[in-house]
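Student: If you want the building blocks of each chain, they are given just below.
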Amino acid sequence: MRLSVKHLLGIRDLTRQDIEIILDTARQFKEVLQRPIRKVPSLQHITIVNLFFENSTRTRISFELAEKRLSADTINFTAGGSSVSKGETLLDTVNNILSMKVDMVVMRHSASGAPHFLAKHIPAAIINAGDGINEHPTQGLLDAFSMREKFGTLEGLKVAIIGDIMHSRVAMSNIYLLKKMGAEVMVAGPPTLIPQYIREAFDVRVEYNLRKALEWCDVANVLRIQLERQNQVLFSSLREYNLAYGISKRLLDSLPKEITIMHPGPINRGVELDSDAADSKQSIILQQVENGVAVRMAVLYLLSGGRELN
Amino acid sequence: MKTVLNEQQLAITIKRLSHQILENHVNLDNTVIIGIQPRGIYVSDQVVREISQLIAPVQVPYGKLDITFYRDDIRKEILLPNHTDIPFSIENKNVVLIDDVLYTGRTIRAALDALLAFGRPAKVELCILIDRRFSRQLPIQPDYTGKSIDSIISQKVKVLWKQRDGKDEVVLL
Numbered sequence: 001m002r003l004s005v006k007h008l009l010g011i012r013d014l015t016r017q018d019i020e021i022i023l024d025t026a027r028q029f030k031e032v033l034q035r036p037i038r039k040v041p042s043l044q045h046i047t048i049v050n051l052f053f054e055n056s057t058r059t060r061i062s063f064e065l066a067e068k069r070l071s072a073d074t075i076n077f078t079a080g081g082s083s084v085s086k087g088e089t090l091l092d093t094v095n096n097i098l099s100m101k102v103d104m105v106v107m108r109h110s111a112s113g114a115p116h117f118l119a120k121h122i123p124a125a126i127i128n129a130g131d132g133i134n135e136h137p138t139q140g141l142l143d144a145f146s147m148r149e150k151f152g153t154l155e156g157l158k159v160a161i162i163g164d165i166m167h168s169r170v171a172m173s174n175i176y177l178l179k180k181m182g183a184e185v186m187v188a189g190p191p192t193l194i195p196q197y198i199r200e201a202f203d204v205r206v207e208y209n210l211r212k213a214l215e216w217c218d219v220a221n222v223l224r225i226q227l228e229r230q231n232q233v234l235f236s237s238l239r240e241y242n243l244a245y246g247i248s249k250r251l252l253d254s255l256p257k258e259i260t261i262m263h264p265g266p267i268n269r270g271v272e273l274d275s276d277a278a279d280s281k282q283s284i285i286l287q288q289v290e291n292g293v294a295v296r297m298a299v300l301y302l303l304s305g306g307r308e309l310n
Numbered sequence: 001m002k003t004v005l006n007e008q009q010l011a012i013t014i015k016r017l018s019h020q021i022l023e024n025h026v027n028l029d030n031t032v033i034i035g036i037q038p039r040g041i042y043v044s045d046q047v048v049r050e051i052s053q054l055i056a057p058v059q060v061p062y063g064k065l066d067i068t069f070y071r072d073d074i075r076k077e078i079l080l081p082n083h084t085d086i087p088f089s090i091e092n093k094n095v096v097l098i099d100d101v102l103y104t105g106r107t108i109r110a111a112l113d114a115l116l117a118f119g120r121p122a123k124v125e126l127c128i129l130i131d132r133r134f135s136r137q138l139p140i141q142p143d144y145t146g147k148s149i150d151s152i153i154s155q156k157v158k159v160l161w162k163q164r165d166g167k168d169e170v171v172l173l
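Top line first, the protein sequences correspond to chains A and B.
Each residue of the first sequence is one higher than the last, beginning at 1 in this note's numbering.
Each residue of the second sequence is one higher than the last, beginning at 1 in this note's numbering.
Hints were generated in silico from the structure; no laboratory data involved.
Among the hints, erroneous ones may be present.
[Claimed, not checked] Partner residues are not named here, just some residues of chain A that face chain B (Cβ under 10 Å, in silico): (1) M1; (2) R27; (3) L303; (4) S304.
The C-beta atom is built at its ideal place from N, Cα and C for all residues, glycine as well.
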């Protein structure tokens, strides 16, 4: 059994079996991370470059840790302080790095489709660490892993994705993945942040009322309100957003059943999630971060194969 | 197809291996047993059950080790891992590793590496149900052997278990 893909560009390209293989393998890597020595030699013949053309804390550290736990050699590249500011093209930058014999590329880029473009032109395995507003597949996988860990299966699980659906690559990857795994998906948020076509395109429920969404779901995956998009006047103020769509402990306590809270981070405390809800025992936000390393180890391990030494 | 061990012989062999392990580890208080995933587990499960009956109510710590991430042919092919479950430290312990068939020795090499992530054992011993002798590619030999057989490369040893294959039997294909 092996993955049907050579790159991880998006959940969209994966089969249900691919997703199951990745999640099952991640479960074994999670055990590795609990050993006294949290490291295996599996990728000691592999060199990986982390190309981050866009800011990231969690994802970059998580990938780097995953690579080191697998004994791979790593190079880090961030767009600031590189020749990108001198006008070098993406393909030139990557080809130059690859000429130094790199096997895998982990890339984040603000342009949707940038990793897909690279995959067509270079021989290395490419892992998308977030491209524009398209997909963030490893986040989708670690969210799924965390839900499966808590509930045992994704089949029939009711998941509400709440917040800025329009600009969220996390939402896209989650929707693709959850639908493939047989979960029920609802998107919720202000009408200005939910694309009109989404119901038909993805066969998901749409809800504009936060309370109704929370009453329906087993899991609320709360997205970050992207402060950098504030000037686009999609909602009037953060304060107003918090009043209509912010989740507080009091709101959670008033629901008929206990639901699980997830968030891909970084949290805007007091905007989409109040501190008392984010830090409550219903939240599995820190488990998501922990699981992220295991899931990324699984992806790197599964995509590293078939390279004979010369 | 040739039968190497039938159901009765297999049961007797496992009993004997259990007694031999017990003979060498009289107190068992510093001994742990670790089965190698996936198929060594069928042997180690029975050995542990046998030993537990002999020393009850004392329990011997029992773990399961998967060696996929330590294989030396990982560059050729990516294999899917099984579960490792060693909920204790093996620091300064006497470890008895158990697998079903010893052939090239490469699995055991990987297992010895994998073990080190759980501590530095005082001693490691190897218990094998079927030893395909004269086919080693590494200097590794068993301490407890169920049965030694002579076989050629094109042959395969298959250990069948009731829970999985419907009957207990070891055959040479």
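Student: All the hints need checking, so say for each whether the structure fits it.
Tutor: Hints, one by one, checked against the model:
A distance limit of 10 Å between C-beta atoms decides the matter here; for M1 (chain A) the minimum to chain B is near 6 Å, and the interface restraint holds. Satisfaction of the interface hint for R27 (chain A) is found here, the shortest Cβ-Cβ separation to chain B being roughly 8 Å, below the 10 Å cut-off. A distance limit of 10 Å between C-beta atoms decides the matter here; for L303 (chain A) the minimum to chain B is near 8 Å, and the interface restraint holds. A cut of 10 Å between beta carbons decides the hint on S304 (chain A): the least distance to chain B is about 7 Å, and the hint holds.
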